[in-house]
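Peer 1: Just need the whole structure built from these sequences, with the hints factored in.
Number of protein chains: 2
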Amino acid sequence: MPVGVKVNPNIVEMEYAVRGPIPQRAAELKQQGMATIACNIGNPQALGQQPITFYRQVLRMLEIPAGIERERVLNGLRRRHREVFQHMNDADFVSDYVLDLCDDILSKLETGLGAYTESRGPMFIREAIAQFVDKRDGVTGSNGIPSDPEKIFLTNGASEAAKYIIDMLIADGGDGIMIPIPQYPLYSAAIKKAGGRQVNYYPDEEDGWTLNRTALEEAFTDAVARGTNVKGIVVINPANPTGAILPEQSVRDVIDFAKEHGLVIIADEVYQENLYGATWLSFAKLLENKDVPLFSLHSTSKGFCGECGHRGGYVEVRNPPPIEGSRLSFMEVMYKQASVSLCSNTPGQVLTYLMVQAPKEGSEPYEQFVREREAVLSDLHAKATMIRKALGRMNGVECFGRTGAMYLFPRLNRLPKGTTDFDYCMKLLETTGLCTVNGSGFGQREGTHHLRIAFLPPKTTLEEVLPRWIEFHNAYVAK
Amino acid sequence: MPVGVKVNPNIVEMEYAVRGPIPQRAAELKQQGMATIACNIGNPQALGQQPITFYRQVLRMLEIPAGIERERVLNGLRRRHREVFQHMNDADFVSDYVLDLCDDILSKLETGLGAYTESRGPMFIREAIAQFVDKRDGVTGSNGIPSDPEKIFLTNGASEAAKYIIDMLIADGGDGIMIPIPQYPLYSAAIKKAGGRQVNYYPDEEDGWTLNRTALEEAFTDAVARGTNVKGIVVINPANPTGAILPEQSVRDVIDFAKEHGLVIIADEVYQENLYGATWLSFAKLLENKDVPLFSLHSTSKGFCGECGHRGGYVEVRNPPPIEGSRLSFMEVMYKQASVSLCSNTPGQVLTYLMVQAPKEGSEPYEQFVREREAVLSDLHAKATMIRKALGRMNGVECFGRTGAMYLFPRLNRLPKGTTDFDYCMKLLETTGLCTVNGSGFGQREGTHHLRIAFLPPKTTLEEVLPRWIEFHNAYVAK
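Protein chains in written order, with the working numbering: chain R, 1269 to 1747; chain V, 1269 to 1747.
Calculated directly from the structure, the hints in this document are not laboratory data. Any given hint could be a false lead.
Chain copies aren't distinguished; within one or between two, either way the pair holds.
Cut-off 30 Å, straight-line C-alpha distance, at most; resulting in silico cross-link-like pairs (DSBU-like, lysine-lysine) [as the list claims (entries may be wrong)]:
#1 Lys-1403 - Lys-1419
#2 Lys-1376 - Lys-1727
#3 Lys-1727 - Lys-1431
#4 Lys-1558 - Lys-1274
#5 Lys-1376 - Lys-1403
#6 Lys-1747 - Lys-1298
#7 Lys-1695 - Lys-1298
#8 Lys-1685 - Lys-1558
#9 Lys-1558 - Lys-1419
Peer 2: See the structure below:
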């Protein structure tokens, strides 16, 4: 027998409910033949969401550079021999716009998809991200502060970036980072792993999960009283798991709060395209000239892109703080971390480039791109509305906040005494096949119960399962 | 001014020479117009190595599943209208073998490249890896112990896997991991970041960088005397940076040593295809029925694949040890780490699948695949030989060990007094454009000087630069 090994207790104790016991039970049930519906995770293409054709056309072409010329030849043959190709249609061919773009990307990448890039990612992609951020935030000329490509890192999804930052900020066991409750468990897990302290703050559920100075100050004061050295604050906007979108004042409150207490802001803004008509403002925009350190995360996994498997993402940094006791800058130390991982994956990098540079208006792929984008977003919106409606027919269920991101986080007010939302979600899964995550997996105010549902399954699936959920629910709470 | 922030000192102090000051200087010189030659890093496609067509054909097809049928249509049109396609050739079309394989992969992936997979990677890929390992090690029927797909994790390159394991093993500041000197600085960096102790052991340079029990026991005893709790040993075979390939007895010695002291073996075997005719034996094969925990790393970045940018890799685990004081198994805790990262990138996963499952003998892509594979490997071998020959013409330079991996690690015996290998490499870069890494970046016996050169540039480049290096060298040491 091998001897028992003492393993880093922070990792042993770390939890990640999104892939925890309920999804694991769902995997078992699926293997036993049950039709399960994976609403536990924001993984849209696993539930039938189609990739954006434009993105995939480019990725496809880049894998074999010689294939670009071949497509040009095929386009030429098709023009000259209409009859030969009569059973194929435009969708079977690649537009000159895409082919030219691929040539352009390959010339800028220099070494194709097969080589390690600069550890932060290629400069031309970081420049495109900076331009995207500036355009998004209305930075022009002297209006606003431009994003700096030197302070952008491409990463394997946004998670990797979050871990880099948290690993740096936690210098010893007394250091803490504020996270919203409920939160996306990446943050609690990363803080736990780094050996730091999780400092909870509580958005106001009944005010649509908004934030205010009082709630932030309370959490901060309480942490300081326990001897915690608070270093930063995580804000997820639009939020995961609640789906809520913060109003301007909440964002401003966080910035002022961070400035007053010398905190770093980690702004998880990966759902910035999942707005469904609501207004959203970035931290970078509202930061203005305040010298608060800001790390803004974005990803190709969400929005209308939904390319989770390709693991594209980036972090954009503003006002990186000086490091106490070192001549190295914050960016230099972050660069060392990226170096040890060599670079993020190149298809994910290119996808990030495409995400921040949509096809030009009027170009060949433009119309289809817009159509596909709108289809994804309006479909998500419609599905959120269907679920909200169903929640309205469940006894003792309330759901607060504007609908953003990919999630609803209803509160379950009338669970039978002695049962938890974990019990409820497990039973819901076993009865209906619907796999959600218990609110306790994200953290919640003591005495409350919730669940998170990703509004991703096809409408037909929802039409079928929602009545069964309502029935299940009303029977469950009547016990 | 933002206030100075105290950053995790382990990360501030961490070093990674492969992307350290000399490569950074090379980047500056390149920007100033100098023709630099990046021999600092094992990044073959950055230096002109061509990707294996078969791999890229599959990756290309998977990005747009509808494109598979389109290729079948094109193949049919070509058969019927030879004259229309007369200026295109076979290489412009995709074989039925590849198209069928793509259909098969997509049906097994279920959700395409765009969805998160199981955190360890899809089961069918882990099964293929297990089969590859068994075939490689001659496991058949009752002969040998088969690899277990449940104990395989796909990761973004092998580096991610190494970090998972090291982060788990370092439970407190007294824990240490043995690493060879010289070593690949991923290991020193990961141990440093985790807050553990680096325990150096010294392969015998003049005996071709082989290992023996005496050297291992000395290092162990010395570490224990300093109060270090040694948890594991890293072995890189074929080695980075020395390129040396361990003989069977060295591998057996490590296994016996690890067994006697209850250590975990981390076997970095990413260069297992870079052998140039030499014999190599895996740790898994020689482990036989000994219950020593083994973590074997492999990657798509090296070998003849050389797909660094795609970030494919895996770790295969044997005899995972029980965890002291926890009911969770080692694999369960490792799974939690993978979960927090969601999954590795899907193109990298598929590439790993292809790496462990070459096209079948006699299939359409087989001949080209073999031709390309042999071309890459024989080219690398020829380039290593060219550099070895040049080293032989440099005064006071010796280079030990069988040639494996992608590196040579010559010893510089006659550096002028007061100068270091760092000075030498910097001057070599500034004089000739050749970017190597100083031996001190990998660690070396006190009083010795080395450099690592990756034998990757095109032969024509080597023909041009090697005489200039010889000239530089002999003048430098004559000072």
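Peer 1: Determine for every hint whether it applies to the structure shown.
Peer 2: Hints versus structure:
1. Proximity of Lys-1403 to Lys-1419 under the C-alpha cut-off of 30 Å is restricted to the intra-copy arrangement: shortest distance 17 Å within a copy versus 47 Å between copies.
2. In the homo-oligomer, the alpha carbons of Lys-1376 and Lys-1727 lie at most 30 Å apart only across protomers (25 Å), although the nearest pairing inside one protomer, at 42 Å, exceeds that limit.
3. Proximity of Lys-1727 and Lys-1431 under a CA criterion of 30 Å is satisfied in neither setting, with 35 Å inside one chain copy and 41 Å between copies.
4. When the C-alpha separation of Lys-1558 and Lys-1274 is checked against a cutoff of 30 Å, the pair qualifies only between copies, where the shortest distance is 21 Å, while the shortest distance within a copy is 46 Å.
5. Taking CA atoms no more than 30 Å apart as the test, Lys-1376 paired with Lys-1403 passes inside one copy only; the shortest distance there is 22 Å, against 41 Å between copies.
6. In this assembly of identical chains, the alpha carbons of Lys-1747 and Lys-1298 lie at most 30 Å apart only when taken from the same copy (28 Å versus 73 Å across copies).
7. In this assembly of identical chains, Lys-1695 and Lys-1298 lie within 30 Å of each other by CA distance solely inside one copy; the values are 15 Å within and 62 Å between copies.
8. Proximity of Lys-1685 and Lys-1558 under a CA criterion of 30 Å is satisfied in neither setting, with 49 Å inside one chain copy and 53 Å between copies.
9. Taking identical chains as interchangeable, the C-alpha atoms of Lys-1558 and Lys-1419 lie at most 30 Å apart only when both belong to the same chain, with a minimum of 17 Å there against 50 Å between chains.
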